[in-house]
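Enquirer: Single-letter residue listing:
Number of protein chains: 2
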Amino acid sequence: MTQRSCRFGIRLSACLLLCGALAGCAQPGGPAVQRYGSVIRLKPEKMDEYLKLHADPWPEIVTRLQECHVRNYSIYLAELEKGTWYLFGYFEYTGSDFDGDMKTLAADARTQAWWKLTDPCQIRIPGTPDGEQWLPMKEVYHND
Amino acid sequence: MTQRSCRFGIRLSACLLLCGALAGCAQPGGPAVQRYGSVIRLKPEKMDEYLKLHADPWPEIVTRLQECHVRNYSIYLAELEKGTWYLFGYFEYTGSDFDGDMKTLAADARTQAWWKLTDPCQIRIPGTPDGEQWLPMKEVYHND
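Residue numbers (numbering that gives the first Met the number 0), protein chains in the order written: chain A, 0 to 143; chain B, 0 to 143.
Errors might be hidden in some of the hints.
Cross-link-like lysine to aspartate or glutamate pairs, in silico, EDC-like; alpha carbons within 20 Å at most [said to hold, decoys possible]: (1) A/LYS81 <-> B/GLU78; (2) B/LYS42 <-> A/ASP129; (3) A/LYS42 <-> B/ASP55; (4) B/LYS81 <-> A/GLU78; (5) A/LYS81 <-> B/GLU44; (6) B/LYS81 <-> A/ASP143; (7) B/LYS45 <-> A/GLU78; (8) A/LYS137 <-> B/GLU66; (9) A/LYS137 <-> B/GLU78; (10) B/LYS42 <-> A/ASP143; (11) A/LYS102 <-> A/ASP47; (12) B/LYS51 <-> A/ASP143; (13) A/LYS51 <-> B/ASP143; (14) B/LYS81 <-> A/ASP47; (15) A/LYS137 <-> B/GLU44; (16) A/LYS137 <-> B/ASP47; (17) B/LYS137 <-> A/ASP47; (18) B/LYS137 <-> A/GLU78; (19) A/LYS137 <-> B/ASP55; (20) A/LYS42 <-> B/GLU78.
Ranges of calculated distance between the beta carbons of each label pair, as one might list FRET restraints [said to hold, decoys possible]: (21) A/ALA112 <-> B/THR62: 44 to 52 Å; (22) A/LEU50 <-> B/LEU50: 27 to 35 Å; (23) A/GLN111 <-> B/GLY82: 32 to 40 Å; (24) A/ALA112 <-> B/PRO125: 31 to 39 Å; (25) B/PRO43 <-> A/ALA106: 16 to 24 Å; (26) B/PRO119 <-> A/ALA112: 42 to 50 Å; (27) A/THR103 <-> B/VAL61: 23 to 31 Å; (28) B/ARG123 <-> A/SER95: 35 to 43 Å.
Note that these hints are calculated values from the structure, not bench results. Just so you know, even glycine gets a beta-carbon here, dropped at the ideal spot from N, CA and C.
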């Protein structure tokens, strides 16, 4: 499996960090939040496996995300055309070094083992940058 | 234009309210949050118009959403196939009467005027329930 430097749009991170800093909702007493939306296809024949994994994720995966300042992370599923399913991810980053935290996440052995199970369930969308798994989406509206 | 009772998955609201209550992230001193994800197509020829509207939304629209307890509302844009664009909405509901608040929103004259501009930019996805505009998505994972 090719090693990835990032799963969450690291190439866009400099721009998104700036946008996030400008548009982020400051939490009382906490840092500004940067929001990230991304998308990928789900293989229909792997749907059961993917849903089962995410209904009961490994505790270390959850902990590692939290350690890397990934918060309020949701994944949604939708069938956009008959038999064609997509996953949409939304999360908030509350740290101060997105690139660094994403590298830490990518270097974690348990996270790599998790991705080894989830990657084969997914189909990368044309246009997804090399080295990334999910396609970063563009935020076109936000209301706190 | 057909009058809609709801834009945000009102038919699923009873189930989602329960799920939200069970899975919602309690805010310190505030009510539990229910999360909603939804999706719709964007007409490429209307993209400029849609983006322009959302880059500078009418203040009353923003205020009315807040009055109806819609918070942390983001809309993302992605091209999933060449020339085929989708909008993904994510928001959090912090009130205690989702159906009632959505009806209030749908009855608001300025909101109706806004939708009269945004509806023609969009293509409803097959499977979207009658009376709704955006297709509700299924949450398959959440990590606070």
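Enquirer: Work down the list of hints and note, for each, if the structure agrees.
Expert: Here is how each hint holds up against the structure:
The hinted pair formed by A/LYS81 and B/GLU78 meets the criterion: a straight-line CA distance of about 18 Å does not exceed 20 Å. Distance restraint check for B/LYS42 and A/ASP129: the Cα-Cα separation of roughly 28 Å exceeds the 20 Å cut-off, and the hinted pair is therefore not satisfied. At most 20 Å may separate the alpha-carbon atoms for a hinted pair to count; A/LYS42 and B/ASP55 exceed this at roughly 38 Å. The suggested pairing of B/LYS81 with A/GLU78 holds, with an alpha-carbon distance near 18 Å, which does not exceed 20 Å.
Note on A/LYS81 and B/GLU44: the hinted pairing is violated, with a Cα-Cα distance of about 24 Å set against a maximum of 20 Å. For the hint pairing B/LYS81 with A/ASP143, the CA-to-CA distance comes to about 32 Å; that exceeds 20 Å, so the pair is violated. Restraint check for B/LYS45 and A/GLU78: not satisfied, since their Cα atoms lie roughly 23 Å apart, outside the 20 Å limit. A threshold of 20 Å between alpha carbons decides the hint, and for A/LYS137 with B/GLU66 the separation of about 27 Å lies outside it, so the pair is violated.
For the hint pairing A/LYS137 with B/GLU78, the CA-to-CA distance comes to about 10 Å; that is within 20 Å, so the pair holds. The hinted pair formed by B/LYS42 and A/ASP143 fails the criterion: a straight-line CA distance of about 26 Å is larger than 20 Å. Among the hinted pairs, A/LYS102 with A/ASP47 is inconsistent with the structure: their alpha-carbon atoms are about 29 Å apart, more than 20 Å. Straight-line distance between C-alpha atoms of B/LYS51 and A/ASP143 comes to about 19 Å, which keeps the hinted pair within the 20 Å bound.
Our distance criterion of 20 Å between C-alpha atoms is met by A/LYS51 and B/ASP143, whose separation comes to about 19 Å. At most 20 Å may separate the alpha-carbon atoms for a hinted pair to count; B/LYS81 and A/ASP47 exceed this at roughly 28 Å. The suggested pairing of A/LYS137 with B/GLU44 holds, with an alpha-carbon distance near 18 Å, which does not exceed 20 Å. This hinted pair checks out: A/LYS137 and B/ASP47 have alpha carbons roughly 14 Å apart, not beyond 20 Å.
Of the pairs offered as hints, the one joining B/LYS137 and A/ASP47 holds, with about 14 Å between alpha carbons and a cut-off of 20 Å not exceeded. Taken as a hint, the B/LYS137 and A/GLU78 pair is honoured in the structure, with Cα atoms around 10 Å apart against an allowance of 20 Å. With a CA separation close to 16 Å, the supplied pair A/LYS137 and B/ASP55 stays within the 20 Å bound. The straight-line distance between the Cα atoms of A/LYS42 and B/GLU78 is roughly 18 Å, inside the 20 Å bound, and the hint therefore holds.
Taking the beta carbon of each, A/ALA112 and B/THR62 are about 47 Å apart, inside 44 to 52 Å as hinted. For A/LEU50 and B/LEU50, the Cβ-Cβ distance of about 34 Å falls inside the hinted range of 27 to 35 Å, so the restraint holds. Checking the proposed 32 to 40 Å range against A/GLN111 and B/GLY82 shows it holds: the Cβ atoms sit about 35 Å from each other. Remark: the range hint 31 to 39 Å for A/ALA112 to B/PRO125 is upheld by a beta-carbon distance near 37 Å.
Between B/PRO43 and A/ALA106 the C-beta distance comes to about 40 Å, which lies outside the given range of 16 to 24 Å. At roughly 48 Å, the beta carbons of B/PRO119 and A/ALA112 sit within the given window of 42 to 50 Å. A beta carbon spacing of about 37 Å between A/THR103 and B/VAL61 contradicts the range 23 to 31 Å that was offered as a hint. Separation of B/ARG123 from A/SER95 is about 41 Å and conforms to the stated range, judged on CB atoms against 35 to 43 Å.
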